[in-house]
Structures are given as C-alpha cells and as structure tokens.
Amino acid sequence: MLDIRDLDIYYGKVHAVKGVNLSVEEGELVSILGANGAGKTSILKAICGITKAAGGQIYLNSKDILNMKPHKLVKQGLGYVPEGRKIYPLLTVKENLMAGAYHRKDRAGIAADLERIYEYFPILKTKSKVLGGNLSGGQQQMLAIGRALMTKPKFLILDEPSMGLAPSVVGQIFQIIGQLRKEGMTILLVEQNAFHALTISDRAYVLETGRIALEGSEQELKNNNQVREIYLGM
Numbered sequence: 001m002l003d004i005r006d007l008d009i010y011y012g013k014v015h016a017v018k019g020v021n022l023s024v025e026e027g028e029l030v031s032i033l034g035a036n037g038a039g040k041t042s043i044l045k046a047i048c049g050i051t052k053a054a055g056g057q058i059y060l061n062s063k064d065i066l067n068m069k070p071h072k073l074v075k076q077g078l079g080y081v082p083e084g085r086k087i088y089p090l091l092t093v094k095e096n097l098m099a100g101a102y103h104r105k106d107r108a109g110i111a112a113d114l115e116r117i118y119e120y121f122p123i124l125k126t127k128s129k130v131l132g133g134n135l136s137g138g139q140q141q142m143l144a145i146g147r148a149l150m151t152k153p154k155f156l157i158l159d160e161p162s163m164g165l166a167p168s169v170v171g172q173i174f175q176i177i178g179q180l181r182k183e184g185m186t187i188l189l190v191e192q193n194a195f196h197a198l199t200i201s202d203r204a205y206v207l208e209t210g211r212i213a214l215e216g217s218e219q220e221l222k223n224n225n226q227v228r229e230i231y232l233g234m
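In my numbering, the protein residues as written are 1 to 234.
Since no wrong hints were added, every one of them can be taken at face value.
20 Å max Cα-Cα, derived SDA-like pairs, lysine to any residue:
(1) K52 with L66
(2) K222 with I212
(3) K69 with Y59
(4) K86 with P70
(5) K152 with E95
(6) K125 with K152
(7) K45 with K154
(8) K86 with I123
(9) K45 with N67
(10) K154 with K182
(11) K154 with A108
(12) K152 with A112
(13) K152 with G77
Just so you know, these hints were derived from the structure itself, not from any lab.
With these hints in hand, go ahead and build the complete structure from the sequences.
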C-alpha cells in the first residue's frame, strides 16, 4: 500500500533523512522506532505533504504522492494523527470530530462513523459539547485519533500517540490501535515507546540519524540484542 524509495529530506544544510526505503503492505501495522531527532516525524510529514522531500519516491496504492498537497491526500484515503495532537481547542469535541469529515458528503456514513468513534472512546460522547482545549491530554489524543478516523482513511499514520500520557491512558490508546489493526486498518506508527509499539506491530524499522539501521518482524526485533538494550531497556 505504501512504498518509499530513497527518500531524502533536508532542513537547510542538515540532511535529516538519508535515502530511506520502507514499505507497508495492506492490512499491516508497521512501526518506526528511534530516538528524538532520528528523522521519524520528518518521514511522516513528507508522506503527508507537509514537508517537501529533496529526493526519492513515495507511492500510495501505486500512485505517486511525493509532494502532493495534504488536502488531496485526505481524499486519497490518508489519515494523519500528528505529534502533539493538534486538536482545535476552541471547537467542541463533536465539532472537532466533524471537522475530520469536511470532505465527505455521505451523511448516513458520517453519522455511523461518529457513533463508531464514540464506541471506541465513550468519554468523547460524554464530553461531546466540551471545548477541545478543556480536555485532558489523554482525551485530546483520543479526539485526535477520532478526528483522523472521521476522514474514513484506508491508511492511518500516527505520530507519537503515547507522548506525555499517563501509563493507564497509554494502554487504552494502544488497545484501540490494536483493535483498528484487527479490523483491517493499514497503519504506520511512529513511537518512542518501543515495547508497546512492537507488541502490536507486524514489522518495524529502527531509524538512527536519518538512516534505517534495522528492520524486521516484531519477534526478530524483540530478540535483537541492540534493540533490547537501547529501546526495550533489557
């Protein structure tokens, strides 16, 4: 479904992403692991058309999307949950969710998807009239995921969904991500919490200073001594 070839990204003279190749097959959950500054978010932003790539190719469903505008990518079935959530603080929970469906005309489908989001995250239904800015960090993350799902994505990208959240909330967030995977959603996940990420992933890539250092299945990486020592704390 997603195929990235020889991706290069620069910020001024800084070569942030260096010839990265990665792929995600339909129905897979693939994670990108790595320390801060490794280039993980830069790759996601290039896929989503937010950051301009200096070179390489990005294909979604065999279609070249390199440097395609973000709003056009939404119509291609790409959903994005950004780092830091980026919800609309002055809109209500329901208004935030409906903002995700701005491009859709299927009223019955929108209503059904809204109820599905409320089933995933019951607290959002309880707080549907509360301003987004008045939610806790965990609730805002749920809202950001729900808003992305309201775009009706075929391919979902999540950037650091556990960042800054209490452990109990992190478990709930990953439970939902795992459920989406079981339901057939294709997912690319960037996450510093390697243990949680590998637990629900089919495969993962380890990024170091802009390059892919390791790749493999969930079990292969869990058994890799370097991954166990640096990323899993074993």
